[in-house]
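Trainee: Numbering (this note's numbering), first residue to last: 13 to 304.
Some hints could be false.
As the list claims (entries may be wrong) - Here are the simulated BS3-like pairs of lysine-lysine, each with C-alpha atoms no more than 30 angstroms apart in a straight line: (1) Lys299 - Lys182; (2) Lys168 - Lys226; (3) Lys168 - Lys182; (4) Lys272 - Lys216; (5) Lys298 - Lys219; (6) Lys226 - Lys182; (7) Lys216 - Lys226; (8) Lys219 - Lys299; (9) Lys226 - Lys299; (10) Lys226 - Lys115; (11) Lys272 - Lys182; (12) Lys115 - Lys219; (13) Lys298 - Lys216; (14) Lys182 - Lys115; (15) Lys115 - Lys216; (16) Lys168 - Lys272; (17) Lys298 - Lys182.
Hints are computed from structural coordinates only; laboratory data are not their basis.
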Amino acid sequence: MKFPAQTRTRDYWGYLFILPSFLILLVCYLIPMVMDVFFSFTSYNVIQPPRFVGVRNYIQMANNRYLGIALRNTVVYTIIVVPAQTVISLAFAVILARVCNNKWGRFVRSSLFIPVITSMVLVGLIWRIFLATDGGMINYFLGILNINPINWLGRKNTSMISICLVAIWKSVGYFLVIFFAGVMDIPRVLYEAAVVDGANGFQKMMKITLPMLKPVTYLVVTLGTIWSFQVFDLVYVMTGGGPGFATSTLVLNIYNTAFKEFRLGLASAISLFLLLIIFLISYLQKKGFRED
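Given these sequences and hints, build the entire structure.
Mentor: Encoded structure:
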């Protein structure tokens, strides 16, 4: 029989164990969010104390043409990256789980995961060198094929595509591991029953694999969308938002507004706008993937 005093003592120990994590969450997430809401209604430039200006920052944000360009670029980046990395990682996962589940497959999985653990800044620097107009590896191989050098990062019609391809290359390995775990968790008896019923590979993919991977796909798409809307370091290192504003993104716009223009109140308002967008998209994705 447990006495009330013993139960209370055990509860106190439980609270004590979760206290460090709660303090980290409070200091690193909750307090900054509250401060962000506060600063979004002020004019603040770090040097002078914040001055309350009401909704002026939100009005300026609505009339900011460069913010609209950054939002458009971020949406384009997300539309390109998220479907591509989802389909490619799913294809690799199915192949490695059902066809190459051996030493060669494990080697491929490990190789594809190397870009994931590499710093995004380092990845951006390496690919900026590879994509350089003069002396870049990509243009060197194009020269062997008698193709003129391409200014990959200096032209509006190629700079965003180049960044998207690098982002896909870096993230495929991470989502491959998630999909691979999901595929391996599907009972093989379902495939055996489908073979008995005369189903071919495409039918098994559409009727068994994809439906069983629906929760995993929801996770992959949601994470990919959130991370795509938060893209910053890759763009900052490779193009800095250029040429012009062709690759400027929302987070890069927040960074420039806060730390180059020193308009932290407006930057706080834009960051809340970004939070609202991510929340709405995540909600719609949850509704779209909801079980019938």
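Trainee: Confirm or reject each hint.
Mentor: Right, here's what the structure says about each hint:
Between Lys299 and Lys182 the alpha-carbon distance is near 28 angstroms, which keeps this suggested pair within the 30 angstroms criterion. For the hint pairing Lys168 with Lys226, the CA-to-CA distance comes to about 36 angstroms; that exceeds 30 angstroms, so the pair is violated. Proposed proximity of Lys168 and Lys182 is supported: the alpha carbons are some 22 angstroms apart, at most 30 angstroms. With a C-alpha separation of about 54 angstroms, the suggested pair Lys272 and Lys216 falls outside the 30 angstroms cut-off, and the hint is violated.
Taking the CA atoms of Lys298 and Lys219, the gap is near 22 angstroms; set against the 30 angstroms cutoff, the hint holds. For the suggested pair Lys226 and Lys182, the alpha carbons sit about 23 angstroms apart, so the restraint of at most 30 angstroms is met. Distance restraint check for Lys216 and Lys226: the Cα-Cα separation of roughly 15 angstroms lies within the 30 angstroms cut-off, and the hinted pair is therefore satisfied. A distance of roughly 21 angstroms separates the Cα atoms of Lys219 and Lys299; the hinted pair therefore holds under the 30 angstroms criterion.
The straight-line distance between the Cα atoms of Lys226 and Lys299 is roughly 13 angstroms, inside the 30 angstroms bound, and the hint therefore holds. Taking the CA atoms of Lys226 and Lys115, the gap is about 28 angstroms. The hint holds against a cut of 30 angstroms. Between Lys272 and Lys182, the direct Cα distance comes to roughly 29 angstroms. Compliance with the 30 angstroms bound is thereby established for this hinted pair. The hinted pair formed by Lys115 and Lys219 meets the criterion: a straight-line CA distance of about 29 angstroms does not exceed 30 angstroms.
Between the alpha carbons of Lys298 and Lys216 the distance comes to roughly 25 angstroms, so the proposed pair stays at or under 30 angstroms and holds. For the proposed pair Lys182 and Lys115, the alpha carbon gap of about 23 angstroms is at most 30 angstroms, so the pair holds. Between the alpha carbons of Lys115 and Lys216 the distance comes to roughly 25 angstroms, so the proposed pair stays at or under 30 angstroms and holds. Taken as a hint, the Lys168 and Lys272 pair is honoured in the structure, with Cα atoms around 23 angstroms apart against an allowance of 30 angstroms.
Taking the CA atoms of Lys298 and Lys182, the gap is about 25 angstroms. The hint holds against a cut of 30 angstroms.
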